[in-house]
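> Read off the chains here:
Protein chains: 4
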Amino acid sequence: MANDKKQGPIRYGMVGGGRGAFIGGVHRIAARMDGEFVLVAGALSSNPERAKASAAELGLDPERTYASYAAMAKAEADRPDGIEAVAIVTPNNHHFPAAKAFLEAGIHVICDKPLATTLAEAKKLAGLVEKTGRVFVLTHNYTAYPMVRQAQEMVAGGALGDIRLVQVEYPQDWLTEDISASGNKQASWRSDPKQAGAGGATGDIGTHAYNLARFVTGLELHSLAADLDAFVPGRLLDDNLNVLLRFKARGTAPAAKGMLWASQVAPGHENGLKLRVYGSKGGLEWVQADPNYLWHTPFGEPKRLLTRGGAGALASANRLTRIPAGHPEGYLEGFANIYREAAAAIRAARIGQPPPHDVIFPTVHDGVEGMAFIEACVRSSRNDGAWTKL
Amino acid sequence: MANDKKQGPIRYGMVGGGRGAFIGGVHRIAARMDGEFVLVAGALSSNPERAKASAAELGLDPERTYASYAAMAKAEADRPDGIEAVAIVTPNNHHFPAAKAFLEAGIHVICDKPLATTLAEAKKLAGLVEKTGRVFVLTHNYTAYPMVRQAQEMVAGGALGDIRLVQVEYPQDWLTEDISASGNKQASWRSDPKQAGAGGATGDIGTHAYNLARFVTGLELHSLAADLDAFVPGRLLDDNLNVLLRFKARGTAPAAKGMLWASQVAPGHENGLKLRVYGSKGGLEWVQADPNYLWHTPFGEPKRLLTRGGAGALASANRLTRIPAGHPEGYLEGFANIYREAAAAIRAARIGQPPPHDVIFPTVHDGVEGMAFIEACVRSSRNDGAWTKL
Amino acid sequence: MANDKKQGPIRYGMVGGGRGAFIGGVHRIAARMDGEFVLVAGALSSNPERAKASAAELGLDPERTYASYAAMAKAEADRPDGIEAVAIVTPNNHHFPAAKAFLEAGIHVICDKPLATTLAEAKKLAGLVEKTGRVFVLTHNYTAYPMVRQAQEMVAGGALGDIRLVQVEYPQDWLTEDISASGNKQASWRSDPKQAGAGGATGDIGTHAYNLARFVTGLELHSLAADLDAFVPGRLLDDNLNVLLRFKARGTAPAAKGMLWASQVAPGHENGLKLRVYGSKGGLEWVQADPNYLWHTPFGEPKRLLTRGGAGALASANRLTRIPAGHPEGYLEGFANIYREAAAAIRAARIGQPPPHDVIFPTVHDGVEGMAFIEACVRSSRNDGAWTKL
Amino acid sequence: MANDKKQGPIRYGMVGGGRGAFIGGVHRIAARMDGEFVLVAGALSSNPERAKASAAELGLDPERTYASYAAMAKAEADRPDGIEAVAIVTPNNHHFPAAKAFLEAGIHVICDKPLATTLAEAKKLAGLVEKTGRVFVLTHNYTAYPMVRQAQEMVAGGALGDIRLVQVEYPQDWLTEDISASGNKQASWRSDPKQAGAGGATGDIGTHAYNLARFVTGLELHSLAADLDAFVPGRLLDDNLNVLLRFKARGTAPAAKGMLWASQVAPGHENGLKLRVYGSKGGLEWVQADPNYLWHTPFGEPKRLLTRGGAGALASANRLTRIPAGHPEGYLEGFANIYREAAAAIRAARIGQPPPHDVIFPTVHDGVEGMAFIEACVRSSRNDGAWTKL
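Sequences listed follow chains P, X, U and E, in order. Using UniProt numbering, read the first sequence as starting at 1 and increasing by one per residue. Using UniProt numbering, read the second sequence as starting at 1 and increasing by one per residue. Using UniProt numbering, read the third sequence as starting at 1 and increasing by one per residue. Using UniProt numbering, read the fourth sequence as starting at 1 and increasing by one per residue.
Incorrect hints may have been included.
The list treats identical chains as one, so a pair stands whether inside a single copy or across any two.
Unchecked claim - Using 20 Å as the maximum straight-line C-alpha spacing, the simulated SDA-like pairs for lysine to any residue come out as follows: (1) Lys274 with Pro233; (2) Lys131 with Ser182; (3) Lys281 with Leu305; (4) Lys185 with Gly309; (5) Lys274 with Val287; (6) Lys274 with Glu285; (7) Lys74 with Thr118; (8) Lys389 with Ala120; (9) Lys123 with Asp290; (10) Lys281 with Ile179; (11) Lys274 with Ala289; (12) Lys74 with Lys274; (13) Lys248 with Asp384.
Honestly, the hints are just simulated from the structure, not real lab data.
Let the hints inform the model, and build the full structure from the sequences given.
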């Protein structure tokens, strides 16, 4: 085993992602795209029948189709050809216990965001990752779009000067009306505090927006003031959040400020994640729906439209680029980049090495930060929007 | 005189707007565009030499070129062919005394925003307008773009259902560096509290954004939480404002929320005024730099791109439209629409009538509301961003 | 008279442009915008009653309201305060005789395009302009948008290297159905060969597209191959033209090639004039509906979005710019630029000088070239699209 | 074998696509994305050393790594676990002989475009496909973007009425300078008549544009007039083509007309494939670089922006959609759709059935049509752009 394990594709299993789920299928395509992973085990649903049927559809060996992640973690850890990694793609409330089980079984974890349902859980998980030394990848997938990497490299390289302003938003419209009532599975668990945690839109998409802003700017948040609403009558979790941000100062420059808007009730927006960053020397703009473009204005010069793979593309973008400029890459390629980075980290772990220095992925610490964001938003909003430290 | 006064173009004078000024020239073109106004008098600069030279350039009768607005108000009121209206286009600190002088002289006033430098002044002016019965037009010019009128009509007609969210922003980049130091006249007075009042970007462009949001939605603001900054060292007034908005509830629907961002330090933005409104039935988006378009998404249907003069254009837009769809109208036409509306009101006043019902223009009350906004922003920001009623 | 004539605004008259006309109103606004012209006489319609009513609406002196251009040319030439210039805004078939009458009366002419209904007429007019020495301005208004001037200056300055390709198009959709049947005045005369000449869309908008391409590139056309169609049953003139272009070679570089498409039956296009030019060193793109932008790609570098009044704007654009970047100028400002240039030429003529060197306007020679284009298109199309020299 | 062959993934081999090739990697990702194909054999390069090294990189069994497609076709046909399908991704001149070899060996073929280097070869291949009954898929991949399918369904359903105009273009800029001289492999073979055939840009991208227009409109071409150029000195094949199109009439409506432009010397364009179709009732526009959008204007109504997966998406688009609206799919997903359709056809062939009725892919007949297009373009251009039947 040792040998082929060091060279062959990575055997992985999946928790959640049965029929009717959205994100599980995304993970599977992402894992498959570069041929780095092979799916060999699953606990695809908490409903045993659905778990079985889903596994059959995916061609999983019935013997490696499990009724629970606990059973799966145990059994796979015991197999000589057991999984090296697991992808956890359940509703939020299962992230923590499942991740814990696999980490303790010595299995690397690729986990959906938000990391947990409470900050306390998240911190426990961070401790466990440190203790076990396993690779832990949180799928804040937007950070792996090539032009987001380009933005990150540009900011880090000083192209914008001192960062002053961050404007980030993630509007959607799919919860404009009360569709959980009509049985929409995606909507139901996301607006159920027991499954989703304390944040609705805050946890589901606000964390993505926040993570993206942090990733590109490298800034740390000092405090926030948040106004959370549930506009649809009867909805238990927020479907809109308006947040002011104050970042920690760096050096002698004034501390950066920002605004974050996330909404599931903004008609006309499908997945309108947009990040804008402004500094003393220039500005950047990136839009998820059109991810192959990055607008850059050096102050006092004409706007430039940078393209993935095109003139001006930097190393950090090019290493995650598969096809030529003008042929669009999309969401699945961005997601697959997370898996590609995870593969590099796991392959390094096979031989006892840390990930190569240019490999970047969201970690359990990003997950802790995300949970701190959610809890601060909820706390601030309950406290009439008072400024609240993370 | 009486007769021709009832039919001929409206004689007007100008206060401010001498050489090197920006907005004065805009007013003159706007007044000229439809042939409704003729400029016959001026106190174009507080610098007598510049006032004289500017007047000569404009072909004004030297006899009607005044050294001060006080002199002008008095002299013109006494002439049988005196001005019927005055355009006040000075730095903010002169708005109040000049407007007062002309109102008291019985002359209609077209005044730049913000209305004054304090809310107290603004309220006095409102009282004076009521007392004198003169027409008072505040040049919140963006409200007169045809597609803004369309947006207003659509919201009023219920196309968006209950309004839930308002996102408005007005980013610029011209103050990214400290250009007042190098003698830029426009920059200098705008960042001088004595001339501009308590707000920098807040007064200059924040009020435009706020006014536009109010105009289109018809909502009234309940309170705000504001974070004002001056990012450029040494700048005395804010060059950036991040604001959360809470509107007053209407009927049984949840109160609408909003965010307002205005900045003069956002590289890549020239005059990026943008308004987005979302309700229970749909969303709208309008961008000042591309003003002939209005995006409309009825929830659950494809996005529609409405165009000025095109299919779907409503009466309120069409009455301010001069040329066919696809031939862009711009800022000057929008500004001229304010003058066109002012002319209609002044012509009605000539015969003792109120303005026709479909004539709309920003009034002294909008100016009071704008000053209340500025003061609330400053107060909130000084109070660490606390929620502050208007 | 002499003195004030040398300094005051230019007195002009108008032929055509009565009630219900579109382009007459545009000319009047354009003439008024910069205060350079004052309208004092008119023969506004061939229908005497409409002529009279239209003149009254415009406040013209009844004494200077004429029943025909012939009468107007004669009477105005005899007046000491007679018009210095005339704007001819009639259907095409009146351009030639009216222009001839005014030129012969010593009056400068501002004339709508196309210049005439035949190339022969056009050439006669060119001779007459030369003979009389009068200023003759053809309102190919698109050439006066600031960013078109910028494009022209960039090409002339070598920013694109050797020009290889020109792609120009002017799609509209207003004649998709047979609206002339239902009495649309604009549609009726444009599709009547007696009034419009041999070209339908070719004369109305094809000439604009062709003129714009010539203006920006400075290239001369060698030959063309044209496919003209009238897609709407019963329409007598073309409503669509597909044309291949071969330009004359310059120096040792290969001759440039091009394509021109103009259509009145392309649903979704209002006035979709677009020009793209490609050379050995870069490319440009300009779109009339969004005229404040100019895309420029230096080969091998990122695309740049140049803006009117913004960073990178050149002298030729800035001299025709009225307001700051980000505040859009539109069609009327572009049109007014033609009048501004005409005013400069006429003022120079007042003192016996040629126009200043930086003053640019389309001349009678552009009109001759336009008529040659129309006739070549029609000839080529009738000859099964054979390559046809101009 | 029989059983698992009927259910398991499809075993396929690849001809071409070794190190340094672009399109081979695309095919492999596309084949992998949905888990329908597994790569088990290859003749990856005509250079034996590169073939071997490339195969090793891909983890191919050395025994199934072949020095030639001839050897591969023979050996694989003889294996009980031999490949069911082959992907041919070589320079054009190998398409015909390789496809012939595999068809004759009873193996399904997925082949890059253009189909061959001559029309005669193409027709022979069509005969062979008919004779062998094998599945033959030509990778005109753009036809498998969901919004292209949507466009096709809309046109077929009459949403545009009678089609009048087709405007299609495919500009690139990568051959603006002479990069084949500097050893660019992609550029070298594409501009070598021996490897590419008679067309340069015509074969490489002109055929894509033509195929896309045919696919969406369902129109057949009657004749064309083409102007082909090689703007870069010394280039042997065309790098730009300007073409007028005349389609065959259908019913009583006038025959549709069109224009096709393809270029490799248009700075600013990466892969600017764009299709616009106009009919008596509406217009459509689709752009490859932003493939999740489809503009639709029903004549007389506002423009609509249809989105993949969004409101208004039709069945033909939805069946090829993997992820929600607003999460962009790209070029690889479009390409993978071709493989998904190929898989459906091959699975049907396994049980002796024709492909399901809703499965659509470009066939050998599209390849014949493409070769006819290339030859007609070359013939017309050599004949001074004369109208030429296909």
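> If a hint holds in the structure, say so; if it doesn't, say that too.
The hints, checked one at a time:
1. Lys274 with Pro233: neither (28 Å within a copy, 29 Å between copies)
2. Lys131 with Ser182: Neither way: lysine 131 and serine 182 sit 44 Å apart in one copy and 54 Å across, limit 20 Å.
3. Lys281 with Leu305: So lysine 281 and leucine 305 pass the 20 Å test inside a copy (17 Å) and across (18 Å) alike.
4. Lys185 with Gly309: Classified as between: cross-chain Cα gap 18 Å, same-chain 38 Å, threshold 20 Å.
5. Lys274 with Val287: Intra 4 Å, inter 16 Å, cutoff 20 Å: intra and inter.
6. Lys274 with Glu285: Cα proximity of lysine 274 and glutamate 285: in one copy and across copies (7 Å, 15 Å).
7. Lys74 with Thr118: Answer is neither: 25 Å inside a copy and 62 Å across each miss the 20 Å cutoff.
8. Lys389 with Ala120: Answer is within: at 16 Å inside a copy they meet the 20 Å cutoff, but 37 Å across does not.
9. Lys123 with Asp290: For lysine 123 and aspartate 290, the Cα distance exceeds 20 Å both inside one copy (35 Å) and across copies (41 Å).
10. Lys281 with Ile179: Intra 45 Å, inter 14 Å, cutoff 20 Å: inter-copy only.
11. Lys274 with Ala289: Both. Shortest intra-copy (9 Å) and inter-copy (19 Å) distances satisfy the 20 Å Cα cut-off.
12. Lys74 with Lys274: neither (42 Å within a copy, 54 Å between copies)
13. Lys248 with Asp384: between (23 Å within a copy, 16 Å between copies)
Of the hints listed earlier, those the structure fails to meet are numbers 1, 2, 7, 9 and 12, in rising order.
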